[in-house]
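Below are the chains, spelled out letter by letter.
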Amino acid sequence: MTTGLDDIRHEPTPMPPSLRRKAITTGIIGIVLLIPAALFDFTRFLANWLVLFAFVLSVGVGSLFLVGLEYTVRARWSVPFRRIWENMAALIPLSVILAVPLILGMHSLYEWTHADVVAGDHVLANKAAYLNIPFFLARLAVYFAVWLAFYRLFIRTSLKQDGTGDEDLTRLSIRVAPAFLILFAFTVTFAGIDLLMSLTPHWVSTMFGPAFAINAVVAGLAATVLVAVLLKMNGMLPERLRQDNFYNLGALLFAMNTFWCYMAFSQFMLIWYSNLPLEMTWYRARYENGWFIVSLSMIVVQFAVPFIALLSRSAKMNLERLRWVAIWVLVARFLDLYWIVLPSVPDATPFSWKDLWVPFVAVSIGIFVWIRRSSRAPLIPVRDPRLPAGLNFHL
Amino acid sequence: MSEPREIAGAVALYNTPDDLVVGVAAARDLGFTHIDVVSPYPLHGIDTVLDKKPSRLGYVALAAGVIGVTIAKSAQWWMSGVDYPLNVGGKPLFSWPAFIPVTFEIMVLCASIATVIGMIAFVNKLPQYGNSLLGSTFMRDLTSDKFGLVVDAADPKFQDTTVTLALSGPNVLGVELLYKTPTDRFFREQVMSVPFLLLLVAVAFASATATRVVWRYGGAVPPFTLMKHQQKLVPQNPSSLFADGLGMGQPVEGTVARELMPYRFANDPAGAETSLVNPMPLTQATLLRGEVRFNVFCQPCHGPRGEGNGSLTAKFPKAPSLQSKKVREWSDGRIYHVLTAGQNVMPSYAAQISRDDRWMIIHHLRAVQRSLNAPERDVP
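Chains F and P supply the protein sequences, listed in that same order.
Residue numbering for the first sequence follows numbering that gives the first Met the number 0, beginning at 0 and increasing consecutively.
Residue numbering for the second sequence follows numbering that gives the first Met the number 0, beginning at 0 and increasing consecutively.
None of these hints come from the bench; they were simulated from the model.
The model shown is predicted, which means the values in this text are computed figures rather than measured ones.
For every residue, glycine included, the Cβ atom is placed at its ideal position computed from N, Cα and C.
It cannot be assumed that every hint is accurate.
Said to hold, decoys possible - Here are the simulated lysine-lysine pairs, DSSO-like style, with alpha carbons at most 30 Å apart:
#1 P:Lys124 to P:Lys156
#2 F:Lys231 to P:Lys179
#3 P:Lys179 to P:Lys51
#4 P:Lys145 to P:Lys72
#5 P:Lys51 to F:Lys231
#6 P:Lys124 to P:Lys52
Said to hold, decoys possible - Just a sample of chain P residues kept apart from chain F, beta carbon distances all over 12 Å, derived:
#7 Thr47
#8 Val48
#9 Lys90
#10 Ser94
#11 Phe103
#12 Pro155
#13 Pro194
#14 Leu197
#15 Gly218
#16 Val276
What the hints assert, rightly or not - Label-pair ranges, simulated between beta-carbon atoms:
#17 F:Met279 to P:Leu225: 49 to 57 Å
#18 F:Leu229 to P:Lys179: 31 to 39 Å
#19 P:Pro96 to F:Thr348: 22 to 30 Å
Start from the sequences and build out the full structure, keeping to the hints where you can.
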């Protein structure tokens, strides 16, 4: 058994130039599609922007959650993958920029931002203490403050350790990580309520916020599993990093995706069962205007395919299988956010050319952030004291 | 030890897991195939060194889970959809979303039980009454800080002298032969003996009785309250909430029961005779319904053909025959009056038999009367 670290690259691994070309190509296609979409139907454009924002944010905070989770449970198998999570968490500061158009156009999306509507609506008037513009912006600021604070802390200690190898830095991260997980639960839950559930301010589901938080974890996990598998396939990760480590990634993806399905189904079943007019409206909107087939396909897209594809032990170790399941789950996460936001726009039918720009822009953003972050630091936390144990991990 | 002892295998002792891995590789190079290792704690990655195939337990769990899903879904479909159709909030009788939680639980239950049983049966190969390692002097070390390599006697390369030599590598602390232990004799003679089994039965009875006594008389506090014990109003039970102590309360004055229709001719049989007409159509359905109700309410006293010879004769005041000329000549309204208001000993049946049923019973009675007293024109 090799226990040394001679085969580890201590400098950043250059990404192939084709990756940058891909990012530029998708970015250009996205912007070309974006401009007519924005001119043609601005409300729908803003709704799609919210999808983009929620998706990018999900991947970012989900990745940061995985960093915090690793420190909290003191996992060793995931140490070689932690830098990937840290790099993808850089989508959080980027999300701040993405939030600006959303805030500027919030009157087109959020019914409760109109004072005259709220005044004439008994329910909204009662909710005005929470759903009002200053408090909404203050809450967003608090969420981002929490995420950015822990993002800076985790990333800085990790990068500093690359140079010094100071074990106290790991201890510091381990100490603060539990606090982050608790704050993560609150901030992401409320972010889901504020950004997505308040699109339909009359409708309430206590499961919505937690489901959004788990959605973020699944999205972050799927994106980083995809990156890890692609790096491994291109020989950029150490030879020694074996199937056992990838098995754990696959198992985590399998478990979290199934957990998300559990939460989504719990929300649906209780509302479907009680069949109360106030609660049914949200699902009713997803039965009409052609959305029914999209809703029905969720069972297969979100649950059946990833569940069956990752069920067996050998599937979780198979890099090819992991790659396409990670892509599938990422698309499914995107589709879910699309399905949450778009039917809340009046008279919106599914799958218009006006929505096509979103996935292109999202992929472009993801690749750009990855290239930028990975050019700054080695692909694995080279001086982490637990790295040898992580590289020699056996099931 | 008077019996000749049969060799079960050999065990070699090592100081560290790394020595053990080297020993396993050496033994495999020598062509041994029936090898296993003993360790005080799980050795991660040893499966690859031993070239063990992944456990098949997952398939047991999968099969049991699929069976659980099938059982749960079909049982709920049968119970709620077919055998005892239950309309819950206008949902379809077989409403699969509502059945998923139970299906999920039963799937987990089946899969976990099957996994435990499968582990005991297929992986641990129980019941075994002992293990030859237990007789080894190395056992003490193997359960604290040493690591063992075991070669089974079933190995084709196994010959005790060669094994001893082969395993005596540089890192081996010692090699010992293992002997089959006569442990199943212990099971046969000690465990399956009558006194021991009687003792088990006695312990079971004693503990059940003690539990019952403590539960019943010892003032034991139940671990949880049963759902039937709730602080709520129960119909027909007393309640301290109201001054009159009645759980249901009295109906408001002037309350009328649903479908109640006042009977105008309560004290006027002649009026009923002339004024009332049977409103029910004379069809096979009304006749059959009338027969059913007649057999429930009239037949016990009046007899199956209304001859006054029901099964309650001699236990109850004798009921008059309904085949008498008097009754045959009564109009339907007059008979309806008797059913509704009662006559002599017969009470009113207005509370038990609905209005329509009473009229249908009269249809049936007419058919019964005609069966025994047919007019001549009925003869073909």
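Margin query: So, against the hints stated earlier in the document, which numbers end up violated here?
Written below: Numbers 2, 4, 7, 8, 9, 10, 11, 17, 18, in rising order.
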